[in-house]
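Participant: One letter stands for each residue in the lines below.
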Amino acid sequence: DMKVTQMPRYLIKRMGENVLLECGQDMSHETMYWYRQDPGLGLQLIYISYDVDSNSEGDIPKGYRVSRKKREHFSLILDSAKTNQTSVYFCATPGTGSYEQYFGPGTRLTVL
Amino acid sequence: AQSVTQPDARVTVSEGASLQLRCKYSYSGTPYLFWYVQYPRQGLQLLLKYYSGDPVVQGVNGFEAEFIKSNSSFHLRKASVHWSDSAVYFCAVSASSNNRIFFGDGTQLVVKP
Numbered sequence: 001d002m003k004v005t006q007m008p009r010y011l012i013k014r015m016g017e018n019v020l021l022e023c024g025q026d027m028s029h030e031t032m033y034w035y036r037q038d039p040g041l042g043l044q045l046i047y048i049s050y051d052v053d054s055n056s057e058g059d060i061p062k063g064y065r066v067s068r069k070k071r072e073h074f075s076l077i078l079d080s081a082k083t084n085q086t087s088v089y090f091c092a093t094p095g096t097g098s099y100e101q102y103f104g105p106g107t108r109l110t111v112l
Numbered sequence: 113a114q115s116v117t118q119p120d121a122r123v124t125v126s127e128g129a130s131l132q133l134r135c136k137y138s139y140s141g142t143p144y145l146f147w148y149v150q151y152p153r154q155g156l157q158l159l160l161k162y163y164s165g166d167p168v169v170q171g172v173n174g175f176e177a178e179f180i181k182s183n184s185s186f187h188l189r190k191a192s193v194h195w196s197d198s199a200v201y202f203c204a205v206s207a208s209s210n211n212r213i214f215f216g217d218g219t220q221l222v223v224k225p
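In the order they appear, the protein sequences are chains R and E.
What the first sequence shows, in this note's numbering, is residues 1 to 112, in sequence order.
What the second sequence shows, in this note's numbering, is residues 113 to 225, in sequence order.
Since the hints were made in silico from the structure, they are not lab data.
Keep in mind that this is a model prediction, so the values were computed, not measured.
The C-beta atom is built at its ideal place from N, Cα and C for all residues, glycine as well.
Mixed in with the good hints, there may be bad ones.
[Claimed, not checked] Distance windows between CB atoms, simulated:
| hint | chain 1 | residue 1 | chain 2 | residue 2 | range |
| --- | --- | --- | --- | --- | --- |
| 1 | E | Ala129 | R | Val52 | 31 to 37 angstroms |
| 2 | R | Arg14 | E | Gln132 | 19 to 25 angstroms |
| 3 | E | Asn183 | R | Asp53 | 22 to 28 angstroms |
| 4 | R | Met15 | E | Ile180 | 44 to 50 angstroms |
| 5 | E | Pro119 | R | Asn18 | 23 to 29 angstroms |
| 6 | R | Asp59 | E | Ser126 | 26 to 32 angstroms |
| 7 | E | Thr124 | R | Thr110 | 25 to 31 angstroms |
| 8 | R | Gly95 | E | Asn183 | 26 to 32 angstroms |
| 9 | E | Gln132 | R | Glu22 | 38 to 44 angstroms |
[To be verified] Over the 12 angstroms line for every Cβ pair with chain R, so calculated as not near, a few chain E residues:
| hint | residue |
| --- | --- |
| 10 | Ala121 |
| 11 | Ser126 |
| 12 | Ser138 |
| 13 | Gln150 |
| 14 | Asp217 |
| 15 | Val223 |
[Unchecked claim] Take a look, some chain E residues computed to stay more than 12 angstroms from chain R by CB distance:
| hint | residue |
| --- | --- |
| 16 | Val116 |
| 17 | Lys161 |
| 18 | Glu176 |
| 19 | Asn183 |
| 20 | Ala191 |
Starting from the given sequences, assemble the full structure and let the hints guide the process.
Facilitator: Right, dumping it as structure tokens:
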């Protein structure tokens with residue numbers, strides 16, 4: 001079964017601090033995603049990565065950047081975090097040869 | 113572009129009652145359709161999917177959904193709900209032409225004992 005891990009699970013930061021969220025997958029799949037989830041808004045796509053160093057903006061990339069140096073790992077970086085970036089962040093990756101996505105457990109980020 | 117509408121933000125049913133959660137999608141081509149479930153403080157879990165063939169697809173825990181192309185709908189059903197089915201349910205659509213899935217805003221299901 002596909003396994004997606006996320007670290008940390010919970011994070012509290014002050015406004016202006018840098019934030020690093022990590023995602024890992026155990027199937028060396030090419031494509032990975034970062035989403036954020038806010039109450040009543042469903043999931044919003046932040047970035048897509050098609051492979052190592054091949055990343056594309058999603059629907060809400062402003063204030064975020066990503067890094068993918070190994071196929072198994074995909075990082076989301078917030079430079080100088082803002083209070084409106086308080087949210088739950090999910091990483092996902094597709095199954096092999098399929099269109100559905102498999103999600104990690106999420107990181108709950110609070111920016112004070 | 114694809115989009116999904118889940119018209120009911122919250123549905124409350126009694127345990128043992130039947131359930132239908134509504135979903136309508138917008139996409140001009142052949143869609144790939146999904147239902148996901150999210151329990152509190154967890155990620156989304158795939159409940160069922162439709163790619164082609166029989167328009168009624170079965171999922172885990174007695175859930176099923178029916179693809180009705182003429183109505184652009186993919187409603188989720190269950191014959192008899194259990195209290196443990198309380199969760200948020202997301203309908204989603206994807207296309208073969210891209211790597212994206214578009215999610216609805218979710219329906220919170222509350223099962224009363």
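Participant: Are the hints correct? Go through all of them and say.
Facilitator: Hints, verified against the model:
1. Taken as a hint, the range 31 to 37 angstroms is violated for the pair alanine 129/E and valine 52/R, whose Cβ atoms sit roughly 50 angstroms apart.
2. Range check, arginine 14/R to glutamine 132/E: about 46 angstroms between beta-carbon atoms, so the 19 to 25 angstroms window is missed.
3. Between asparagine 183/E and aspartate 53/R the beta carbon distance is about 43 angstroms. The supplied range of 22 to 28 angstroms is therefore violated.
4. At about 48 angstroms, the CB distance of methionine 15/R to isoleucine 180/E agrees with the hint of 44 to 50 angstroms.
5. Hint check: proline 119/E to asparagine 18/R, Cβ distance near 40 angstroms, so the stated range 23 to 29 angstroms is violated.
6. Taking the beta carbon of each, aspartate 59/R and serine 126/E are about 38 angstroms apart, not inside 26 to 32 angstroms as hinted.
7. A beta carbon spacing of about 30 angstroms between threonine 124/E and threonine 110/R agrees with the range 25 to 31 angstroms that was offered as a hint.
8. Roughly 28 angstroms separates the CB atoms of glycine 95/R and asparagine 183/E, a value that falls within the hinted 26 to 32 angstroms.
9. Take glutamine 132/E and glutamate 22/R: their Cβ atoms lie about 39 angstroms apart, and the range 38 to 44 angstroms holds.
10. With 12 angstroms as the threshold on Cβ separation, the claim that alanine 121/E sits away from chain R is violated: the shortest Cβ distance comes to roughly 7 angstroms.
11. Residue placement check: serine 126/E keeps its beta carbon more than 12 angstroms from all beta carbons of chain R (closest about 25 angstroms).
12. With a closest Cβ-Cβ approach of about 15 angstroms to chain R, serine 138/E is found to remain outside the 12 angstroms limit, as its non-interface label requires.
13. With a closest Cβ-Cβ approach of about 9 angstroms to chain R, glutamine 150/E is found to fall inside the 12 angstroms limit, against its non-interface label.
14. Under the 12 angstroms C-beta cut-off, the non-interface status given to aspartate 217/E relative to chain R is violated; the minimum distance is some 4 angstroms.
15. In this structure valine 223/E is separated from chain R by more than 12 angstroms, as the shortest Cβ-Cβ distance comes to about 20 angstroms.
16. Distance to chain R contradicts valine 116/E as a non-interface residue, since its nearest Cβ pair spans about 8 angstroms, not more than 12 angstroms.
17. A beta-carbon of chain R comes within 12 angstroms of the beta-carbon of lysine 161/E; the shortest separation is about 5 angstroms.
18. A cut-off of 12 angstroms between C-beta atoms confirms that glutamate 176/E is not in contact with chain R; the least separation is 17 angstroms.
19. Listed as a non-interface residue, asparagine 183/E keeps its Cβ farther than 12 angstroms from every Cβ of chain R; the least gap is roughly 22 angstroms.
20. Look at alanine 191/E: its CB is around 24 angstroms from the nearest CB on chain R, clear of 12 angstroms, so calling it non-interface holds up.
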